[in-house]
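In order, the protein sequence lines correspond to chains A and B. Here numbering that gives the first Met the number 0 is used: the first residue of the first sequence is 0, the next is one more, and so on. Here numbering that gives the first Met the number 0 is used: the first residue of the second sequence is 0, the next is one more, and so on.
If you are wondering where the hints come from, they were derived from the structure by calculation, not from laboratory data.
Straight-line distance between alpha carbons at most 27 Å, and here's what the computed DSSO-like set of lysine-lysine pairs gives:
(1) B/269 x A/269
(2) B/193 x A/193
(3) B/279 x A/193
(4) B/193 x A/269
(5) B/72 x B/27
(6) B/193 x A/279
2 protein chains.
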Amino acid sequence: MIRVQDVYPEGRISLREVGLRDGLQLVKSFPSTAAKQRWIGEEYAAGVRHFEVGSFLPAKTFPQFADVRELVKAVTELPSAHGIVLALNERGVNEALASGVAEIASVVSATEEHSHANANRSREQAIANIRRLCELRDASPHEPIVHAAISMALGCSIAGAVDPDEVLRLVEKCLAAGVDAVGIADTVGYAGPKQVGDLTRAAVRLAGSKPICVHLHDTRGMGIANASAALDAGARILDGSLAGLGGCPFAPGATGNVVFEDLVFLCESKGFPTGIDIEKLIAVRAILRAEMPNEPLYGGLARAGLPRAPAAKAA
Amino acid sequence: MIRVQDVYPEGRISLREVGLRDGLQLVKSFPSTAAKQRWIGEEYAAGVRHFEVGSFLPAKTFPQFADVRELVKAVTELPSAHGIVLALNERGVNEALASGVAEIASVVSATEEHSHANANRSREQAIANIRRLCELRDASPHEPIVHAAISMALGCSIAGAVDPDEVLRLVEKCLAAGVDAVGIADTVGYAGPKQVGDLTRAAVRLAGSKPICVHLHDTRGMGIANASAALDAGARILDGSLAGLGGCPFAPGATGNVVFEDLVFLCESKGFPTGIDIEKLIAVRAILRAEMPNEPLYGGLARAGLPRAPAAKAA
Numbered sequence: 000m001i002r003v004q005d006v007y008p009e010g011r012i013s014l015r016e017v018g019l020r021d022g023l024q025l026v027k028s029f030p031s032t033a034a035k036q037r038w039i040g041e042e043y044a045a046g047v048r049h050f051e052v053g054s055f056l057p058a059k060t061f062p063q064f065a066d067v068r069e070l071v072k073a074v075t076e077l078p079s080a081h082g083i084v085l086a087l088n089e090r091g092v093n094e095a096l097a098s099g100v101a102e103i104a105s106v107v108s109a110t111e112e113h114s115h116a117n118a119n120r121s122r123e124q125a126i127a128n129i130r131r132l133c134e135l136r137d138a139s140p141h142e143p144i145v146h147a148a149i150s151m152a153l154g155c156s157i158a159g160a161v162d163p164d165e166v167l168r169l170v171e172k173c174l175a176a177g178v179d180a181v182g183i184a185d186t187v188g189y190a191g192p193k194q195v196g197d198l199t200r201a202a203v204r205l206a207g208s209k210p211i212c213v214h215l216h217d218t219r220g221m222g223i224a225n226a227s228a229a230l231d232a233g234a235r236i237l238d239g240s241l242a243g244l245g246g247c248p249f250a251p252g253a254t255g256n257v258v259f260e261d262l263v264f265l266c267e268s269k270g271f272p273t274g275i276d277i278e279k280l281i282a283v284r285a286i287l288r289a290e291m292p293n294e295p296l297y298g299g300l301a302r303a304g305l306p307r308a309p310a311a312k313a314a
Numbered sequence: 000m001i002r003v004q005d006v007y008p009e010g011r012i013s014l015r016e017v018g019l020r021d022g023l024q025l026v027k028s029f030p031s032t033a034a035k036q037r038w039i040g041e042e043y044a045a046g047v048r049h050f051e052v053g054s055f056l057p058a059k060t061f062p063q064f065a066d067v068r069e070l071v072k073a074v075t076e077l078p079s080a081h082g083i084v085l086a087l088n089e090r091g092v093n094e095a096l097a098s099g100v101a102e103i104a105s106v107v108s109a110t111e112e113h114s115h116a117n118a119n120r121s122r123e124q125a126i127a128n129i130r131r132l133c134e135l136r137d138a139s140p141h142e143p144i145v146h147a148a149i150s151m152a153l154g155c156s157i158a159g160a161v162d163p164d165e166v167l168r169l170v171e172k173c174l175a176a177g178v179d180a181v182g183i184a185d186t187v188g189y190a191g192p193k194q195v196g197d198l199t200r201a202a203v204r205l206a207g208s209k210p211i212c213v214h215l216h217d218t219r220g221m222g223i224a225n226a227s228a229a230l231d232a233g234a235r236i237l238d239g240s241l242a243g244l245g246g247c248p249f250a251p252g253a254t255g256n257v258v259f260e261d262l263v264f265l266c267e268s269k270g271f272p273t274g275i276d277i278e279k280l281i282a283v284r285a286i287l288r289a290e291m292p293n294e295p296l297y298g299g300l301a302r303a304g305l306p307r308a309p310a311a312k313a314a
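For reference, chain A alone in the conformation it holds in the complex (with noise of 0.2 Å):
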């Protein structure tokens, strides 16, 4: 049985690497299964400890996660580190366990409208889909550590607007399925920093001591504050990929991701230490331009670098 409590400890953040799955959503040429390997292997030796690595989805469909089995046990194999997959239907929760992983995220869409167009089920559909994911874990022999995200929890490219109040009944119930951390996906990146600062707030008191994660996109330039507000707010995970991989379907020519790199500064910056090397982190980065030479890199860090101490001075 793999204990919540110390993959991602009370009183500490953790940062989730969520590139080698959501940074690959979309895109057309992704990184080997060697490439993946190395930036797994790499990232590790910077300190990160947390990837989400693929998901399984049919690999005609999705030919970028066939690997999802071999990077699992890339990750296993490393000490302390943390793998996680996302599954969305129950065959895929079979494949997930019958790997070994030590995370399985499922997903429901806070409105109705993008419930349906996006997964084609209701909420309440995809909320009982949630709790069989708990009972398949609950009779595994690992028992993974289920995390269930809600998906445009801060506005939603169909139905607009999203009331807070909704999010939380589907934060409880989520719960109540049985779930062991929640996601607040700001998927297509609507929300400002007092919107996520109050919603995880609430949903925080609500999961008592079970972590909230934020998962957010830099859509429209407000990723980093809300992770600084996530962050005041307790929020106890949050997501980033390297140089801010990945897109949006809901969102065309949005920009991905929060910036991990970037997301590693403000965390250290406000006294969140996060035991991640930025210019190891930033080294990465070579992996990614090699093996998707047309996909745009974001992040400042990379750019400006770290700031510099003072110049050591002619003697």
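Dock chain B against chain A, hints included.
Only chain B this time, still in chain A's reference frame:
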């Protein structure tokens, strides 16, 4: 006499467009005077009221500011619009006073090292300069607002970390010199939101009824997060530039000021009304694209647009 309370009313946020000055400080090509006038006119129509339009510097070295008097005039003719110029020595101050501009800004470096390297003078000499500026203001017929900006206030490209207490001592000296407003500038984008919030809060306490302006660069992607912290800490004025124009001579390759459009979105999302129409503001970028085709333009709102309300459903 121009009263600071009329220009930067207490209880609300004023956003200053500094693109025409700080945004053009380093560029090789720059808009024609007619294009700058359209830039001002279109932003005014979008609701912008505060424009930093140039600097009284030798036109030979800074041809981009040769038209500063014409731009002061252009802003002055617009009802309720407020023009600002930078003047770094007594000759510049006298020229600024003669131009009839509503606000004159001067600068003191937070560190002795940067003061000498950048302006070839001590901080005390810079403060004496500001004191003289206040005397000349008092003796002038229209008594413009005097704004003292403390550059490198959150980290220095030469000296490294900056002691906030030293910055606060400079804030006190500027206030004692008789300035109407004090600016805190993260000139090289070294800070995170905690430092910005802490320093702003302390400066606001010192300044009493006089406004604190926070001037941020997005060098490391923290610009909007820092602006959010400055808002929470009681800053009454925030600077930004259209499309994030403007770099910094001390931070090569660095992106420029906080993106004005994104700053407006941030303020509105946090419940600070700006009176600025973001879509109209975004449209003004066409002037930059036409006049400065090689300059990178930044901004999340320009890229992704405003969050959409629900799409109208087919009947």
